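Trainee: So the protein lines, in turn, are chains A and B. In terms of the numbering used here, the first sequence has 29 at position 29, counting the first letter as 1, and numbering is strictly consecutive. Each number in the numbering used here corresponds to the 1-based position in the second sequence with 1000 added.
If you're looking for bench data, these hints aren't it; they were derived computationally from the structure. Watch out, some of these pointers could steer you wrong.
[Said to hold, decoys possible] In silico lysine to any residue, SDA-like type, Cα no more than 20 Å apart, as pairs: (1) B:Lys1165 x A:Glu173; (2) A:Lys473 x A:Gln463; (3) B:Lys1071 x A:Glu246.
[To be verified] Far from chain A, some chain B residues (derived; all Cβ distances over 10 Å): (4) Ala1057; (5) Glu1078; (6) Val1116.
Computed from a predicted model, the values in this text were never measured in an experiment. Glycine included, every Cβ here is placed at the ideal spot set by N, Cα and C.
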Amino acid sequence: MFFKRQQSETPAKAAADGTPPKVSKADRPASLPISELRRTVDPATLGFASTAELEPISGLIGQDRALKAIQFGTNIKAHDFNLFVLGPPASGKRTAVKQYLDLKAREAAPPADWVYVNNFENPNQPRAIKLPPGRARPLAKSMIAAIDELRNTLPAVFEGEEYQTRRRAIDEEFRSGQEEAFEALNQHAQKQNIAILRTPTGFAMAPMHEGKIVKPEVFNTLPEAMRKDVEARIEGLQKELEQILEQVPKTEKARRLRTSDLNAEVASQAVEAALDDIKSEFAGEEAVLAYLVATAKDLVRNVGLFLAPSGEESEIVKQPADTARDARFRRYMVNVIVANGDSPEGCGAPIYEELNPTYGNVIGRVEHIAQMGALVTDFLLIKPGALHKANGGYLLVDARKLLLSPFAWEALKRAIKSREIRIEQPSEMSGLISTQSLDPEPIPLDVKVVLIGDRTLYYLLSQADPDFDGLFKVQADFDDTIARSSDNDMAYARLITSIVRDHGLKPADAGAVARLIDEGARLADDREKLSIEIGRIADIVREADFWAGEAGHAQIQREDVIRAVEEHIQRSDRVRDRTQETINREIVLLDVKGAKAGQINGLSVLQIGSFSFGKPSRITATVRMGAGRVTDIEREVELGGPFHTKGVLILWSYLASVFAQDVPLALAATLVFEQSYGGVDGDSASSTELYALLSALSGVPIRQSLAVTGSVNQWGEVQAIGGVNQKIEGFYDVCVARGLTGDQGVLIPRSNVQHLMLRDDVVEAVKEGKFAIYPVGTIDEGLEILTGVKAGERDADGNFPAGTINRLVDDRLHDFAEKARAFGMKPNGAGDMAKDKR
Amino acid sequence: MIAHVAEAGEQKGRVVLQLSGCAPSPIALEAALRVARAFQSEIESLFVEDQQLLDLASLPFAREISRTGGKRLAMSPEAMARQMRALASSLHRQISRMARDAEVPIRATVVRDEPVSAVARACAACGPWNVVAIAEPLTRANAALLQQLFGAVADATGIVIVGPKAKRTKGPVIVAVEELSHLEPMVRAAQRLVAEDGGEGILAILIAENDAEAQQLEGQARLVLPPGTAVTLVRLSPRHGSPVEIVEGLRRMHASFILAQYGGFLVPANSDLEHLTPVLECPLFLVR
């Protein structure tokens, strides 16, 4: 015989011998005491009447690790030791970093100013000039002043008597030579009775008689010899004219050269005088002096710019356009990229936070203006980016926004690596648009970049971007919670005081503070911890302030905090209401009384935005003889996540290891979350599913007045889950709606007791004996509470006591194995999932 | 003497813009339009096909030498006529466009004649009120044209000329007065020019033989000018320099128009304008 039954009694027989071994009332575990359901702060123990008596806390509480990291990261002088500040949203990361950097930056010397100026030799490559802090704007102003001066002096000099006389002399010298030659030719021609006439495109010569051109018909009547003579004279004169005309371009060129020399000489004096002040003002700045030399040369070369009318003169005020706006003089302006002397503080390293870290906003950009349908640009259209503004100091950027901006992340890394800011247009890199652009001289970069983001992002970058770890070597990891202690309660009170002061709110009395500390623990989902999500806590305080105002309270009181929390929930719980309604109207089937085999109430948590709530669900299990596999319907239809599947496999392993160890597991079981149409993940229902399966196998009904949560391991130990408070409250709400019987309650993992921070109404119901919370450590404990029947332990012979649930399960599995043998089936010993069989 | 068309008792006056085979100065064209607008008159764009050139082109040995002296081409009357017609039509198009923009009525005429007699004929045909504007910049080479025009065109009120360095159309209007009788009509004309373009005021330069006469002229000018006339009076006499130096001084005032008397101290009759045209940066309106 392949299968051998080791236990003689069958379930039916055991039942005939007597009733199943019930768990006596005395043995039944009691509900948790009230003190375990919620940890509250007694306002009297806080030692103050209101936050008006407290000093606000400076900085953060409980973030020592992160703060040390920030300190280290900002102190270390290395271009690749940049910071990634990670932590949950609204945990005060940004504020903490900024507060620390503010202090540190104040002690530092202000970094250099930077300007872009025209490169007169190659305008497409503007030059960057470094200046001592606070000197950029004076240089820009001085250049405008110098050009302003030249706008007045140059026309005056060129209009002046001296220049005009010299100019006339040159003109006269060349003109008279040429004109005299022409005049001489003219007179010579006239003497020979030849007229020189101007045609539309040149000159022509004609015989003349008494000052008039000889008509052709007259000329043709002249004797042949005379005609030949005239022709010969004209031929000779034409040659002379040609010689004179051929000299015209050469003479003109020589005249231009002489005039240019004169212009340069006259302009140089005015230009040097105009630039002298700047030279002495920036005497020690070699780069500025070199620029001024180049500027002077260009000014002399382009002196015509100052002599031509601008055409922008106002008709009303008759005043020349502002030099800085005059297109003719753009080439001499100074584009101030960084001016560190401008801040009211006037000193310290810059701290710049880029709120919109697009490529252009981070690296800087070259803008264009449309002119006659074409896009043109020059060095004045170079706009600084966040790196320019933060250069020599600290740059704060939201990592998510940065990564969502095309090209921005790569550009930032490139700048950090190369230690210079090189402005390139993204369109150039992609080669999409070809238009006139600039290649500005790169500016050396010395900046500490602080990226702020959540943990997921940090780990993703660390894993996926090979450059990331090399460039962001310091992680400042902000914790979500702090341990609860009287000291930390007090620190929390001071934190609330800071929020009150920062937002100009009413002071909070001790009752309100105590309640806020309670809410902090509830937000932490752990009564031994306090949430330090500053943003959320600040929201509650601010809302409580509003409700205090509505209620006419001078201070924020406990009930204002409660009202704020309730109102917040009410604004967010439409989905929870609808879910509860469908259960109350029995659209979603759920029993809260009676008992049924193979059916149990499971609990899940739904997160809708910032609001989460518990939702009870019916879980059912069916069993039959089979090939040793469990069908997880959630997974079959691809609604179950990997953790849920893992939980199902673990419970199957438990089943296989605890029961029917001497026979193959000839069981086919099916598990399902009834009326669940969304995805299910997490293993918090694995113990629940196991209870349902054991009930289905044993045929012992489960109390429907109870709901269960908890994961299970292969040894049948019930393990902690998340969202325990919401889950309990979710089932409680259904029970209240259906009517509390006093028999209802929730089984939770014992290790979750420390996380309990239940609502006041739930605590009150437990206190009145209308509801119960049962902590369980093992599946056997849970089974006894759920069924009222002993679970049973193997005796020395390895048998479960008759009538116990485990014995009933064991017998059933042996029975399946026997039947399977009779059918000649070959059971699969492992807990194969149905899906694996496909 | 300058008078308004209405004062001359005519229905309308005109500006005869004389165009020849040479490229016109844009400043001269603009000046012609400005005068026409100021006096609410029309422009007669008169292109003169120089008969002498056509006669010359008929001669078998006639050659045209390019302006650079690099080419010498055979001439024919047909080619010359064609060349002049093309130039005339191009110039007319250009001037018509400018006149349309300035909202000045325009009439285009092409005549085959000698330039001076063509202008004289055009003026005589249209009545006593004419202003002749010479489109070609006046240089020493064609300065004789001015003398001939003043001699031959009896009906012209004045002649507008520009020099080869003409470049300015904005600025004050300068009136160079040498006789008291000219003062009022010249200032009136200047006022019209200023009013038309929203110009920058009028400067009346009073030129007399000596300082005492200049002072006397100023006193009389103050009596003659209606009260409230916005004119700045400046006295000048030969003591301030030769005509060339005075013209140089006027240049520095950045005028948009200069009105002067032909045949006086500043612009002597029978002068070849050698002293004037090289420094003239704005149009010069010469009146008898």
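Trainee: Now look at each hint and say whether the structure bears it out.
Mentor: Here is how each hint holds up against the structure:
Pair hint B:Lys1165 plus A:Glu173 holds up; C-alpha atoms about 17 Å apart against a cutoff of 20 Å. Taken as a hint, the A:Lys473 and A:Gln463 pair is honoured in the structure, with Cα atoms around 14 Å apart against an allowance of 20 Å. Restraint check: the Cα-Cα separation between B:Lys1071 and A:Glu246 comes to about 10 Å, which is no more than 20 Å; the hinted pair holds. Taking the minimum C-beta to C-beta distance to chain A, about 8 Å, the non-interface status of B:Ala1057 is violated against the 10 Å cut.
No beta-carbon of chain A is positioned within 10 Å of the beta-carbon of B:Glu1078; the least distance is around 14 Å. With a least beta-carbon separation of about 12 Å from chain A, B:Val1116 lies farther than 10 Å from that chain, consistent with its non-interface assignment.
In this structure, only the earlier hint numbered 4 is contradicted, and the remaining ones agree with it.
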